[in-house]
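> Chain residues, written in single-letter form:
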Amino acid sequence: MSGLDWRTLRRIVTVSLLGVVVGGLASVAAVAFVEAVELLNGWLLVSPYARIQYETRPLLVGAATVLVPVAGGLVVGLLVRHFVAGQRGLGPPDSIIAVQTGEAPPSARCGAGSTLAALVSLGCGASVGQYGPLVYLGTLIGGLAGRLNLAVENLQAIGIASGVAAAIATAFNAPIAGLVFAHEVVLRHYSLRAFAPVTVAAATGYVVANVILERPPLFLVRFDGVAHAHEFLLFALEGVLSAFLATGFVALLGASGRLARRVSLPLVLRPAAAGLVLGVVALEVPEVLGMGKETLRFATIEGAFRLDELALITAAKVGTTALCIGFGFVGGVFSPALLIGILFGALFGSALPLVPGLATSGVVVYAICGMMAVTSPVIGAPLTTILIVFELTRNYDLTVAAMVAVVFANLLAHRVVGRSVFDRQLKARGFDFSLGRDKAILGSRRVADYLTTACTVVPPGIAVADLHERLHRDGRAEAHIVDRDGRHRGLVRLQDTVEAAPDTPADTLAGGGGVTFTETTSVWDAMQQVRGFVGEAVPLVAGDGRFLGVVPEEAVIRAYEESVYDLRREENESA
Amino acid sequence: MICAARKMNRPEAPGFWPALVLALLLPALAAPAAAAADDRTLTVVTWGGAYEASQETAYFRPFEAKTGIDVETVRYDGGVDALRRHVTGNGATQWDVIDMIRADARAACDAGLLAPLDPGILAPAPDGTPPAKDFLPGALGDCAVTQLVFATVIAYNDKAFPGVKPRTVADFFDLEKFPGDRALRKAPVGLFEWALMSYGVPRQQLYDLLSTDRGLRLAFRRLDRLRGHLEWWTGGAEPVEMLKSGEVVMASGYNGRFFNARIEGAPITVIWDGQLLDYNAWAVPKNADDADLARRFIRFATRTGNMAKQARHISYGPARKSARKRVGLHAEKGIPMRPHLPTAPRHLERAIRRDHDWYTRTKALRHRRFEAWLDEGS
Chain P
59 MSGLDWRTLR
69 RIVTVSLLGV
79 VVGGLASVAA
89 VAFVEAVELL
99 NGWLLVSPYA
109 RIQYETRPLL
119 VGAATVLVPV
129 AGGLVVGLLV
139 RHFVAGQRGL
149 GPPDSIIAVQ
159 TGEAPPSARC
169 GAGSTLAALV
179 SLGCGASVGQ
189 YGPLVYLGTL
199 IGGLAGRLNL
209 AVENLQAIGI
219 ASGVAAAIAT
229 AFNAPIAGLV
239 FAHEVVLRHY
249 SLRAFAPVTV
259 AAATGYVVAN
269 VILERPPLFL
279 VRFDGVAHAH
289 EFLLFALEGV
299 LSAFLATGFV
309 ALLGASGRLA
319 RRVSLPLVLR
329 PAAAGLVLGV
339 VALEVPEVLG
349 MGKETLRFAT
359 IEGAFRLDEL
369 ALITAAKVGT
379 TALCIGFGFV
389 GGVFSPALLI
399 GILFGALFGS
409 ALPLVPGLAT
419 SGVVVYAICG
429 MMAVTSPVIG
439 APLTTILIVF
449 ELTRNYDLTV
459 AAMVAVVFAN
469 LLAHRVVGRS
479 VFDRQLKARG
489 FDFSLGRDKA
499 ILGSRRVADY
509 LTTACTVVPP
519 GIAVADLHER
529 LHRDGRAEAH
539 IVDRDGRHRG
549 LVRLQDTVEA
559 APDTPADTLA
569 GGGGVTFTET
579 TSVWDAMQQV
589 RGFVGEAVPL
599 VAGDGRFLGV
609 VPEEAVIRAY
619 EESVYDLRRE
629 ENESA
Chain G
377 MICAARKMNR
387 PEAPGFWPAL
397 VLALLLPALA
407 APAAAAADDR
417 TLTVVTWGGA
427 YEASQETAYF
437 RPFEAKTGID
447 VETVRYDGGV
457 DALRRHVTGN
467 GATQWDVIDM
477 IRADARAACD
487 AGLLAPLDPG
497 ILAPAPDGTP
507 PAKDFLPGAL
517 GDCAVTQLVF
527 ATVIAYNDKA
537 FPGVKPRTVA
547 DFFDLEKFPG
557 DRALRKAPVG
567 LFEWALMSYG
577 VPRQQLYDLL
587 STDRGLRLAF
597 RRLDRLRGHL
607 EWWTGGAEPV
617 EMLKSGEVVM
627 ASGYNGRFFN
637 ARIEGAPITV
647 IWDGQLLDYN
657 AWAVPKNADD
667 ADLARRFIRF
677 ATRTGNMAKQ
687 ARHISYGPAR
697 KSARKRVGLH
707 AEKGIPMRPH
717 LPTAPRHLER
727 AIRRDHDWYT
737 RTKALRHRRF
747 EAWLDEGS
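Each protein sequence line maps, in turn, to chains P and G. Under our numbering, the first residue of the first sequence carries the number 59, and numbering increases by one thereafter. Under our numbering, the first residue of the second sequence carries the number 377, and numbering increases by one thereafter.
The reader is advised that the hints may include incorrect statements.
Going by beta-carbon spacing under 8 Å, a handful of chain G positions derived as facing chain P [what the hints assert, rightly or not]: (1) G576; (2) P578; (3) Q581; (4) Y583; (5) D584; (6) L585; (7) S587; (8) T588; (9) R737; (10) T738; (11) L741.
Hints listed in this document are in silico derivations from the structure and should not be mistaken for laboratory results. Built from N, CA and C at the ideal position, the CB exists for glycine as well.
Could you build all of it, start to finish, from the sequences and the hints given here?
See the structure below:
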């Protein structure tokens with residue numbers, strides 16, 4: 059056991075302070091963001107509280123309902139076009155990539171542009187969530203801290219995870235959920251070195267939100283306990299049904315994105331088009347506008363909605379959210395999923411009494427179960443959602459019920475959706491986390507980093523005798539044939555030339571083993587390709603076919619080993 | 377003279393005509409009597425009952441003794457309309473000082489019915505703390521000085537429930553567990569909040585939910601439960617009488633009135649759950665004929681010692697921190713007053729902070745829906 063030396067002590071203090079500073083900043087930024095959204099919702103007549111003062115002027119309210127999301131969509135389109143690289147809003151997938159691959163997150167300008175676009179989206183009532191942008195805000199702040207020269211390994215990952223944890227802890231008023239979310243979704247491992255500052259950041263977020271700024275909790279419900287044992291079966295059934303809804307929602311998100319690419323509408327105008335549809339739907343179903351915190355609360359009240367109203371609002375919310383996100387409004391899927399889930403849960407809970415002889419404990423527990431069972435497969439965070447219930451309601455019975463529903467929803471949805479909507483988006487961008495971090499990280503590292511020019515290169519027409527001389531001089535058993543234009547023409551091995559006449563042109567004997575790397579070949583792909591490869595080194599060619607050098611087989615294995623070693627070390631770092 | 381004024385004013389008359397008649401008569405009647413000391417008279421518009429009695433003891437009589445100026449009172453039941461009619465009705469304004477609900481004072485100030493009030497006229501705390509720091513945040517407005525915190529609460533008659541007592545707002549709407557008639561103020565104020573709160577909606581979210589049609593419908597659905605079991609009151613003294621007489625078993629009302637009835641032996645207990653906090657403020661009507669005297673009175677009535685003195689007679693919380701600290705025992709019964717103030721920490725935890733913006737925004741809507749609901753039942 060190693061003792062506590064000066065360097066370790068300094069590192070512990072450094073990462074703890076990092077947690078406090080990043081946590082504090084991310085928390086204040088999160089509160090400011092949420093407040094700004096509320097202000098905008100008030101000014102732009104999105105929130106019921108603002109709309110009610112014009113209840114005698116339905117034309118004005120109707121006009122605002124349609125025009126505000128359209129105008130907001132235009133602004134969002136312009137912001138994204140001019141400020142955000144990749145021309146799409148940033149969110150948890152970007153945080154995950156930055157943490158997992160160690161790549162620098164998008165620039166602060168992009169981050170700020172994306173956050174502003176999210177603010178406008180949410181402020182104008184788009185049917186998107188606030189937690190995705192908040193997670194990215196945490197990433198932005200944590201990423202800046204990660205650039206500091208503090209002599210701590212994996213500092214960027216730790217900084218980002220701290221920022222994310224604080225943002226979620228603040229937004230939900232739930233520090234444990236913030237801590238677990240950062241690990242479950244972003245870090246994806248539990249090393250003590252990251253755990254400590256992330257915990258500190260989550261606690262700081264909680265202190266800022268609760269003690270200093272006194273934010274009200276997201277929701278409060280009263281529940282006296284599960285009255286009948288058979289209800290746990292109903293929770294499981296609800297979980298299964300929620301899995302179908304979550305799967306459908308995720309599929310619709312993807313389909314909407316594809317539809318957006320297919321319609322002949324400039325990128326800048328797409329959000330406005332979605333805003334128009336949203337506004338028209340909202341004339342009939344105003345609950346689809348914005349975050350819907352009133353609707354969230356009503357869903358836990360027995361009899362607040364009729365069954366057909368619940369079904370209609372759930373469907374409208376699923377459709378408008380898919381549309382808004384697919385067509386480029388900037389925002390997350392977390393809060394819409396919460397709302398869709400709680401409405402579905404209320405529908406399930408309200409429909410149960412229709413079954414003769416079936417006793418239940420009221421609609422609240424089913425609403426909460428539905429909320430979490432739909433949300434957890436969408437964001438890929440079962441533990442986080444269970445903990446959110448626990449921290450917000452402080453009710454053990456509700457938490458256990460939600461746990462049952464969440465587990466069954468995840469079991470089923472995982473088969474179809476995969477781990478989460480974030481992982482699906484990442485896969486589309488070439489990062490496959492379906493087999494865990496190893497594959498994704500090996501897939502993100504380039505084998506070109508191990509390129510060497512220490513190889514024997516010969517022209518196509520070289521005679522075997524000359525080739526032998528070159529190989530003998532270089533001490534190698536194979537040579538790469540490269541033509542005058544620098545293109546790779548094949549690989550000729552010593553053993554293939556032994557029986558040839560001395561004046562035979564070497565290129566007629568070239569075999570090559572069939573394996574070639576390119577600049578984009580990842581370590582993971584390289585490992586797959588070198589199976590069965592016999593030779594010393596694999597040629598690496600540019601996109602236009604020019605020969606750049608070789609990657610020795612030994613280097614491929616070294617690349618693999620180093621990547622895996624880094625991963626294991628990161629996952630097992632102590633404080 | 378003060379007694380005469382109160383006698384002339386019928387308690388059930390909420391409106392303005394008696395007040396106006398009174399206001400017109402008062403100067404004529406007051407002049408000969410007051411001439412002995414000072415020919416001026418201060419007319420204070422206030423709320424009658426136990427509340428006015430506490431003001432008389434803490435403010436009016438000491439002010440008369442100090443200045444030799446007679447204090448007259450005119451009965452008022454809240455709102456801006458009575459003030460508007462008085463200010464615009466005739467040239468001269470006989471009202472010197474008016475004791476208004478703070479939100480009404482703000483609305484009246486915006487409507488130009490009140491004279492500007494410079495906070496500089498207020499006296500510092502005995503330890504020298506300037507008023508801006510000693511008064512509650514937001515207490516010093518452009519035209520009015522917040523002077524006390526009161527609460528609209530639900531109370532019940534102890535004798536009606538010998539076993540399990542009602543404890544929460546939800547119990548008010550539960551006729552099965554707590555049978556008997558209820559009394560509410562006949563105004564769309566407070567009852568929506570309570571109705572929605574009875575569903576378990578947290579205090580902080582009440583006004584957001586009440587801003588939706590669904591929220592209002594849910595509230596009325598709760599009130600529907602009480603149909604046929606509701607009595608209505610208009611003046612603050614009525615619910616106390618209704619509870620005392622057994623006409624109703626639960627009633628809404630002002631916490632100070634219930635407290636005074638209780639210490640005089642009436643079996644009335646306050647449910648602090650969902651207490652609706654509100655504030656009273658002193659203001660000077662526009663064109664008051666003796667604005668200087670009015671300001672002199674406001675300075676006197678907001679002195680720390682005088683405010684603390686009022687709180688020894690009625691359980692309303694002074695709006696100055698220094699005065700709160702000095703609240704001691706009840707002047708006659710000797711019981712500690714602080715636990716009975718709406719501002720006691722235990723009670724604040726369950727208080728609804730009345731959202732005056734929401735009230736302003738929904739004034740027409742609330743009245744329309746409330747009257748429609750009343751008509752439905754008639």
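> None of the hints should be skipped; say for each whether it holds.
Against the structure, the hints:
1. G576: Status holds, d = 4 Å.
2. P578: Holds. Min distance 4 Å.
3. Q581: Nearest chain P Cβ about 6 Å off; hint holds.
4. Y583: holds (7 Å)
5. D584: holds (5 Å)
6. L585: Given a least distance of 5 Å, the restraint on L585/G holds.
7. S587: holds (4 Å)
8. T588: This hint holds: T588/G lies near chain P, its Cβ roughly 5 Å from the closest one there, short of 8 Å.
9. R737: Since chain P brings a Cβ to about 4 Å from R737/G, closer than 8 Å, the hint holds.
10. T738: holds (6 Å)
11. L741: L741/G check passes; min Cβ-Cβ to chain P is 5 Å, inside 8 Å.
Of the numbered hints listed earlier, not one is contradicted by the structure.
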